[in-house]
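Novice: One-letter residues, chain by chain:
Protein chains: 2
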Amino acid sequence: MDEQPLETIETPALLLDPAKLERNIERMRAQLAEAGDGVVLRPHLKTAKSIEVARRVLGGSNGPITVSTLLEAERFAEAGITDILYAVGIAQAKLDRVIEIRRREIDLTIITDNLVAAEAIAAAARASGEPIPVLIEIDSDGHRGGVPPEDRDRLIAIARTLASGGAVPRGVMTHYGGSYDARSQAELGEAARRERETTLAAAATLRAAGFEAPVASIGSTPTALNTKDLDGITEVRAGVYHFFDLVMAGLGVCSIDEIALSVLATVIGHQQDKGWILVDAGWMAMSRDRGTANQAVDQGYGLVCDASGLPWPDLIMTSANQEHGIIAVRPGSGAVLPDLPVGTQLRILPNHACATASQFDAYHVLGPDGAVTGRWPRFNGW
Amino acid sequence: MDEQPLETIETPALLLDPAKLERNIERMRAQLAEAGDGVVLRPHLKTAKSIEVARRVLGGSNGPITVSTLLEAERFAEAGITDILYAVGIAQAKLDRVIEIRRREIDLTIITDNLVAAEAIAAAARASGEPIPVLIEIDSDGHRGGVPPEDRDRLIAIARTLASGGAVPRGVMTHYGGSYDARSQAELGEAARRERETTLAAAATLRAAGFEAPVASIGSTPTALNTKDLDGITEVRAGVYHFFDLVMAGLGVCSIDEIALSVLATVIGHQQDKGWILVDAGWMAMSRDRGTANQAVDQGYGLVCDASGLPWPDLIMTSANQEHGIIAVRPGSGAVLPDLPVGTQLRILPNHACATASQFDAYHVLGPDGAVTGRWPRFNGW
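Sequence order for the protein chains is A and B. So the first sequence is numbered by the UniProt record's numbering: it starts at 1 and just counts up by one. So the second sequence is numbered by the UniProt record's numbering: it starts at 1 and just counts up by one.
Don't read these hints as lab results, they were simulated from the structure.
The list cannot tell twin chains apart, which means a pair is met if one copy fits it or any two copies do.
Only pairs whose alpha carbons sit at most 25 Å apart, straight line, appear in this in silico DMTMM-like list of lysine to aspartate or glutamate: (1) Lys274 <-> Glu197; (2) Lys274 <-> Asp153; (3) Lys274 <-> Asp151; (4) Lys228 <-> Glu26; (5) Lys274 <-> Glu150; (6) Lys20 <-> Glu10; (7) Lys274 <-> Asp181; (8) Lys274 <-> Asp306; (9) Lys274 <-> Glu187; (10) Lys274 <-> Glu119; (11) Lys20 <-> Glu258; (12) Lys274 <-> Asp339; (13) Lys20 <-> Glu7; (14) Lys20 <-> Asp2; (15) Lys20 <-> Asp369; (16) Lys274 <-> Glu190; (17) Lys228 <-> Asp37.
Chain A extracted, bound-state conformation (with noise of 0.2 Å):
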C-alpha cells in the first residue's frame, strides 16, 4: 500500500512497529543461543496470528511454530509451514480435520493429557493410517491442565495407548503460565527451574518405559527469558515476546519502550470537571482484559502515549464501555492532565497483546518516520 500519514488513519486502529518486532525477536533469539545449547524455539503463534510477523519471526525458515487453534494450523500450512503443534488438549471432534491438515505434508502434532482422548487418537491413527504424532501435557505449576507430575503410571498408560493404534507418543510438552503472577526476578528464575525439572523428569519417565520421546517441550515468554539453563530441553515455546505488553512489562520481562503494539484513537469529548478525556476506542478496541489490575501497577485498561509513541506519566484508559475509552491520570499519582483537544490522536498501549490484537483484523504497520506503510492481515476464530 502507499504510504499513509497517520492523520489519515481512521480510529480505533490496530498499529505495529516493525522495529520494536525485529528487536524483540532478536533478544529471544540470543537469549536462547546463550541458554541453551541446539534448543530450537517454537515460536508460538497464537498472539500474533499473522503470516507476515511468522515469516520476520522464522527469518525464513518454515517452521516450526505453535498455534492456539487449528484455524491457525490451516492458515500458516498455506503459508507454506510444515512444522506445525497445536497446543491445545485435543477433543475427539476435532481428529478429521487434523488428519486432513497432516495429508497435506504438514507434521502436525496435538497433545493430550487423559486417557480418553488418547483412545480416541488412537482410533483415529488406526483408522486413517495417520501416525499422528502427540505431546502428553504435564502439569508443571498446578494452573491449568496436564499430567501431574507425579502421576507416572497415567504418563505411561497414555504413550502405551496412543502407541496401541500407531499414534506416537512424540514426547512431553508443558506451559509453566504460573509465571505470569510472579512478583520478583528470583520467582520467575524459580519458574524457569521447575519447568525445566517436570519436563525432564516426565520426559525420562516415558524413555524408562521404553518409549523414544525425544521432545521435551517447554515455554513461556517469561521463563524463556529468565532462565540461563536449558539442558535436556529440545524446544521453547514463547510467543507474546514478539509484541510485548504491559502484563510483561509489569513482570519485569520487558520496558515499556520495547512494546511493539499499540491502538490508535482518536479524542472526541471531554469531561472537565472529571478530569477525564473520551476516546473512540473502548473495550471492543482495547479487548475486556485487565491483566495489569492486579500487578504493582495497575494499568488501567492501558497506557497513553502520544501519536509518535511517546507514553505521558500516569496518562491511563481508567474504564471502557463498548466503544468508549475514558483516560485520565491515574489515581493518585499526582500528575498534570494534558491538554489533548478534540480531534487529538493518541496510542495506548495494551494491557494484554493476545487479547487486544484478537479485536482487530489487520495491523497498520508503521514505518521509520510515523506514516503507516503497509496492513498486515490477521486470522480470528478457530
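Assemble the complex: chain A is given as a structure, and chain B must be docked to it using the hints.
Specialist: Below, chain B without anything else, positioned relative to chain A:
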C-alpha cells in the same frame, strides 16, 4: 444450511436460540407499547451486528436502528435499512464516510457533545451541502460523555454552531449507562426517571432557544424495561435485550432462562484433585468480560449448562486462558461437581452478550429440537 446435530458442531461455537430471541423482542415491544404513547423503538444493533437479527428485531420495517460503528451503518444500509443513528461521539476524520453513507439516501444521524466537533460537522455540512442531522449528547448519569445538564449555554452554542453550517440539530440523546450498576428495582426506576427528565429538560432548552429539535432519545435495556412513563420521549434505544446475558440477569432485568446466547464447548480434560473440568473455550471465546464480578452473584466467565441449555446449579467457568476454560463449582456453594467425561459438550452462558458475541464471526442458530439449522454472519471491526 442442512440441519446439523449439535454433536457435529466444532467447538467453540456461538449458539443463538431464535425462539428466545423472538420472545425477548416481543417483550420489549409490549413494554414500550404500555409505557409510551407512540414512542419509537430504535434498537441498538451493536450487540447483534447481524442482518438476520436486525430483520427479526425490526419485524419487516427498514428502520430505525442505532449502531456503534460506521461499518455497522454501512452493512445495515446495504441490507436496506434507511434510518440509522451512529451513537458514538463523532471524530472529524469520520465525517467523509458519514457523508458518503448519507449520499446513498440513508438518513444517518450522528452525535456530539462539544463545540470543536460541532464546528467540524458544520464545516463538512457546508462543504458537502449535506444537511447532516445531529443529536446533542446529554450526560444524564455522570458515567461517560455528554453536555452536563446544567450547561445550557454549551448546549445552545453547539446547536447554533451546527445550524450555522447547514447541519441540523435534530434534538438530544442520552444513555444512562449507570443503570448497569443499579442494585434494586427502585434504583432502576430512579435511573429511568432521571434519564427521561434530563433528556426532556435539554430538549426544552433547545426548543426555547428556537430550534425545532424534534428528537428526545433515551436508552439502555435496564431503564427501558423499568419505566412506566415515557411521556415526551420520542424514541428508545436498547440492544442487549435481544439476547440478554448474566449481567442483565444479575440486575433482575431478565431470568437466566431468557438468555438466548451461549458458547458451545467441549470437555478436553480434568484436574480431579482440584475439582476442575477443562474445556476448549477460554477468554478468546467468552471474552475477558467479568461484568458479574461486582454483582451479588459472581458468575466467573460464565454459567455452565448441559448441551440442551439446562444450567447446572453453581457450575461456572472460574478462570480462563486464551483457549482453555476451567470449570468448577462456585466457591462456597457446596454444589457437587457433575461427572462430565472428556468429549462432553457444554453450553456456557455469557456475562456480557456484546463482548462474547464479538469474539465470533457468526451465530450458529438452533432449531426447535436443538440441532443447528442456520448460520447468521456477524460483522466485527470498524
